[in-house]
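With chain P's structure known, arrange chain E on it following the hints.
Chains P and E, in that order, give the protein sequences. Just so we're aligned: 213 in numbering that gives the first Met the number 0 is position 214 of the first sequence, and the numbers increase by one with no gaps anywhere. Just so we're aligned: 212 in numbering that gives the first Met the number 0 is position 213 of the second sequence, and the numbers increase by one with no gaps anywhere.
Treat the hints with care, since some could be wrong.
To be verified - Derived DEER-like restraints, expressed as beta-carbon distance ranges: (1) Pro326/P / Ala176/E: 17 to 27 Å; (2) Glu134/E / Ile26/P: 48 to 58 Å; (3) Lys15/E / Gln23/P: 44 to 54 Å; (4) Gly111/E / Phe240/P: 37 to 47 Å; (5) Val263/P / Leu76/E: 44 to 54 Å; (6) Pro179/E / Ile412/P: 41 to 51 Å; (7) Ile404/P / Pro179/E: 49 to 59 Å; (8) Pro326/P / Gly111/E: 20 to 30 Å; (9) Phe231/P / Gly111/E: 22 to 32 Å; (10) Ser117/E / Pro326/P: 42 to 52 Å; (11) Ala176/E / Lys234/P: 23 to 33 Å; (12) Pro326/P / Glu134/E: 28 to 38 Å; (13) Gly149/E / Leu403/P: 37 to 47 Å.
Simulated from the structure, these hints should not be mistaken for laboratory data. These numbers were taken from a predicted model, which means no experiment stands behind them. Just so you know, even glycine gets a beta-carbon here, dropped at the ideal spot from N, CA and C.
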Amino acid sequence: MNEAKRKLLSKRYRAEANFKLFGQIAIGLALLFLAVFMYKIFSKGYTAFQKTWIVTEVHYDKELMLIETDNPSLEDLENADYYDIAYKAMTRLDPSLPEEDDRQLIQMVAFTYEQEVKNHLLKNPSLLGKIVPIRLTASDDLDQVHKGNYPRDIPEEDRRVNDYQLKIYDMLNERGDILSKFNLSFFTNPDSREAELAGIASSFMGTVFSILVCLAFSFPIAVLAAIYLEEFAPKNKFTDFIEVNINNLAAVPSIVFGLLGLGVLLAVFNLPRSTPLVGGITLSLMTLPTIIIAARASLKAVPPSIREAALAMGASNMQTTMHHTVPLSMPGTLSGTIIGLAQALGETAPLILIGMVAFVNTIPGTPVDPAASLPVQIYIWSESAERGFVEKVSACIMVLLGFLILMNLAAQIIRHKFERKWN
Amino acid sequence: MTKISAKNVNVFYGSKQALFDVSLDIMDKEVTALIGPSGCGKSTFLRCLNRMNDVIDICKVEGSIKMDELELNSRKLDVVRLRENVGMVFQKPNPFPKTIYENVSYGPTIHGMAQSKSELDQIVEMSLKKAALWEEVKDRLDEIGTGLSGGQQQRLCIARAISVSPEVILMDEPCSALDPIATAQIEELIDDLKKEHTIVIVTHSMSQAARVSQKTGFFHLGKLIEFGDTEKIFKNPDNQQTQDYITGRFG
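This is chain P alone, in the form it adopts within the complex:
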């Protein structure tokens, strides 16, 4: 081997080594970004899955509750007055406090404390007349204090929790009367102006309904379009034109589809505003090209020998397509559909335009009830100034990411389990 050849050879090896190195650096950077992103979200959001309660005692005093009968029925309990006993349950925490400052104690729990007391008694009517411990949802500010998210060293006038409330909190905490447990209401409550009560139930259901509507609209249309274009349509200028435009459609910014939904679905067809029905149809416009492209690709991947085999057996075009080509292309089509839906799941802009950004404090039961959706909920909460919403934003992102990971996993499983290897 002469010198020039040796040089050339070592140059080739060096080039390959460098290329590998660059590839590894690229992957390393991507993983680093992902790790930082995940760390930020998890470290901020995990506290949202804990909820803080204040334990106090309540006296179910018949007189204060304005119950006159000796043996009150459930209905009587329902109509009784709870304001006084709930108020007293809170002021009991510091009997030395002058009456005009009572609000300071009341502010330490969520404004629903009266309702919580009522629900507690309605669940256990036998407690009437007794003095029993009860746990009340702490206010979001106290919740943040307990989780250590609230700085205690800034001047009192800049704090939403004053020194007196901190003193009471410390006393309760020492007594073990501050409870911290799994935050079920984050999943079962609809949105609320109060961070301690806000949950994702309405936006979660809104998302589920939107995705179902989106699937119901986009899947049949897209699959039929793909089958027709791939198997039946003549190949000419016009079908080329359609193909180009389907690809263009996939690249249209989602906010444009939102404007379309606003201008056509709401303005022309008068569909109900802010509902998953409209949201789903708007999203299906976005998903449509994705599914068409995936379905056509997987139809194309079915080897022509299978079509020829069926045609040579005397199957009609329709039979060849329906008996052989379409079933064989289904795994690819389905995983493409799920990926399209996963994209739609994260869409925010079009939903904001059709009004799914409205504050919804009810849980939708059907696709025509007003609802938000998870990404929009993230948007709404991130706009809120209250500290309690910061962790909720991250928690909501976690739920959305979990949803996405599940869907992508399903797509992967379908692809691997049902995909045929052609020899």
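Below, chain E alone, put in the same frame as chain P:
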């Protein structure tokens, strides 16, 4: 007796002409072999006989091809009926990715040939027996057809083709993807099948053509150079080109 009679067949792929004035007669219950170098048009001719060229948009066929009294190259022809009568076996085994049973029962099912499940079972069994595959697969009819060996897959495709009792079977290089043992089995099978079917086979192997066929046609550059009894073509061809090809001097 003549089964298929082709007269002045010209085939065009777009502006490119693939067949020039091909005329030949295929005899009933005989094996006709079509030989020639790659790209000579023998497969194109074969695919005219069951109108498989229809799937190629730019392909245009001119001339007359008559099967019995039926004109095959006619717009009015019902290709579904034609293909029920003219089966085809392809170069690469292409069983459906379904069970062995479904592979064979597909044709009879779509053409409504069986009134009951037991009748269908019978057709499947008979077809597999004729294709000399029954003994090997009778206990695993519900296994996927693509899981068989190459030779078995090709015999499965033959069973599928004969399941609808076609009068004619077209074979497009059926052994080119198979080993010599599987090839020998298929050739034996072809010999059996010609009792009931007319067979047209395209092959690259001259020895195969000599072994299985009664008539041979030699194609070159889209033209039918010589057509006649296999024995004569291989022993004493009229044409110098045929002579050169079968003795391996070109192609």
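What hint numbers does the structure not satisfy? The structure breaks only hint 10.
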